[in-house]
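**Q** Sequence:
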Amino acid sequence: MGKKDIIRVKDMVVVYGHDRVLNGISFGVREKEIFIIVGGSGSGKTTLMRHMIGLQQPASGHVYIGDTDIAATDEETFFHTLRRIGVLFQASALIGSMTVAENVALPIYEFSHLPPAAVADMVQIKLSLVGLECYGDHLPSEISGGMKKRAGLARALALNPDILFLDEPSAGLDPVTAAEIDSLILHINQTLGTTIIIVTHDLDSIFAVGQRAIMLGKSSGNIIAQGPPADLRDLDSNAEVRNFFKRKP
Numbered sequence: 005m006g007k008k009d010i011i012r013v014k015d016m017v018v019v020y021g022h023d024r025v026l027n028g029i030s031f032g033v034r035e036k037e038i039f040i041i042v043g044g045s046g047s048g049k050t051t052l053m054r055h056m057i058g059l060q061q062p063a064s065g066h067v068y069i070g071d072t073d074i075a076a077t078d079e080e081t082f083f084h085t086l087r088r089i090g091v092l093f094q095a096s097a098l099i100g101s102m103t104v105a106e107n108v109a110l111p112i113y114e115f116s117h118l119p120p121a122a123v124a125d126m127v128q129i130k131l132s133l134v135g136l137e138c139y140g141d142h143l144p145s146e147i148s149g150g151m152k153k154r155a156g157l158a159r160a161l162a163l164n165p166d167i168l169f170l171d172e173p174s175a176g177l178d179p180v181t182a183a184e185i186d187s188l189i190l191h192i193n194q195t196l197g198t199t200i201i202i203v204t205h206d207l208d209s210i211f212a213v214g215q216r217a218i219m220l221g222k223s224s225g226n227i228i229a230q231g232p233p234a235d236l237r238d239l240d241s242n243a244e245v246r247n248f249f250k251r252k253p
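For the sequence shown, our numbering begins at 5 and goes up steadily by one.
For the record, the hints were derived by calculation from the structure and aren't laboratory data.
Note that the Cβ used here is the ideal one computed from N, Cα and C, for glycine as well.
Careful: at least some of the hints might be erroneous.
[Claimed, not checked] As a list, the in silico EDC-like pairs of lysine to aspartate or glutamate whose alpha-carbon atoms are at most 20 Å apart: (1) K252 - D235; (2) K7 - E37; (3) K222 - D166; (4) K7 - D166; (5) K250 - D235; (6) K36 - D9; (7) K252 - E184; (8) K252 - D240.
[As the list claims (entries may be wrong)] Pair ranges (Cβ atoms, derived): (9) G32 - L59: 17 to 25 Å; (10) P120 - I99: 13 to 21 Å; (11) G197 - A63: 28 to 36 Å; (12) D208 - F82: 34 to 42 Å; (13) Y113 - A243: 47 to 55 Å; (14) T81 - Y20: 48 to 56 Å; (15) D15 - I129: 39 to 47 Å; (16) V19 - D235: 28 to 36 Å; (17) N247 - S101: 41 to 49 Å; (18) G100 - Q128: 15 to 23 Å; (19) I129 - D208: 36 to 44 Å; (20) T50 - A243: 18 to 26 Å.
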């Protein structure tokens, strides 16, 4: 039996002013898979992610996390469901005046009643998971770009979510550091069974970690292709899709 969908987007329409950015798209994300959202600049990738995590509400349509439609539920259920989600934003979004450990501890203090000693233990576990166990007392300004991404991942994992959203996790990183982040993503997926949704245009990362992908059309607001990344590169009938995955103009 195949894995069931842990997230379902159904008939989502997003409108900004007079522009229909997403035009009734539907797809599912399976439990424990690494799912990639790609598309050209302005195709609505980040807009889609923001609606999938409930930061914005669609003009119409549904976003189901498990059995809960986060676009049409009460506030208590909405926030309870969001505890299943961790998010790494593109710029890591660390608070500069707080140490790495304090950044990771923040959501734990916010959403639990654990004593400080237990929080400190949880923080150390998360930092160890991403290879930053010796950097908890550093400020974000004192660590490298790759370390900031790792710290952001540790914070995203703080509440033991079963779903992770990553917005351009390798953006701004050199190729070696980007490959290290890819390895960390695979490690989290394989050891914790975390479902991971990644918005990216980094082809090396897409082929390194992606199990399945959707591609948004640049002007249509629709999904123009979906499937394993290698199949989209080599077999898709749409030239726009093949050219994107082969880096052709």
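**Q** For each hint, tell me whether it holds in the structure or not.
**A** Each hint, compared with the structure:
1. K252 - D235: With Cα atoms ~16 Å apart, K252 and D235 stay inside 20 Å; holds.
2. K7 - E37: Distance of about 9 Å is within 20 Å: holds.
3. K222 - D166: violated, 31 Å
4. K7 - D166: holds, 14 Å
5. K250 - D235: Status holds; Cα separation ~12 Å.
6. K36 - D9: holds, 9 Å
7. K252 - E184: violated, 26 Å
8. K252 - D240: holds, 15 Å
9. G32 - L59: 17 to 25 Å: holds, 20 Å
10. P120 - I99: 13 to 21 Å: holds, 18 Å
11. G197 - A63: 28 to 36 Å: 34 Å Cβ-Cβ, so the 28 to 36 Å window holds.
12. D208 - F82: 34 to 42 Å: holds, 36 Å
13. Y113 - A243: 47 to 55 Å: Distance hint for Y113, A243 holds at roughly 51 Å.
14. T81 - Y20: 48 to 56 Å: violated, 27 Å
15. D15 - I129: 39 to 47 Å: At 40 Å between Cβs, range holds.
16. V19 - D235: 28 to 36 Å: Cβ of V19 to Cβ of D235: about 32 Å, so the range 28 to 36 Å holds.
17. N247 - S101: 41 to 49 Å: Between N247 and S101, where Cβ atoms are some 45 Å apart, the hint holds.
18. G100 - Q128: 15 to 23 Å: Holds: the Cβ-Cβ distance is about 22 Å, inside 15 to 23 Å.
19. I129 - D208: 36 to 44 Å: With Cβ atoms ~30 Å apart, the hint is violated.
20. T50 - A243: 18 to 26 Å: holds, 25 Å
Comparing the model with each numbered hint stated earlier shows that hints 3, 7, 14 and 19 do not hold.
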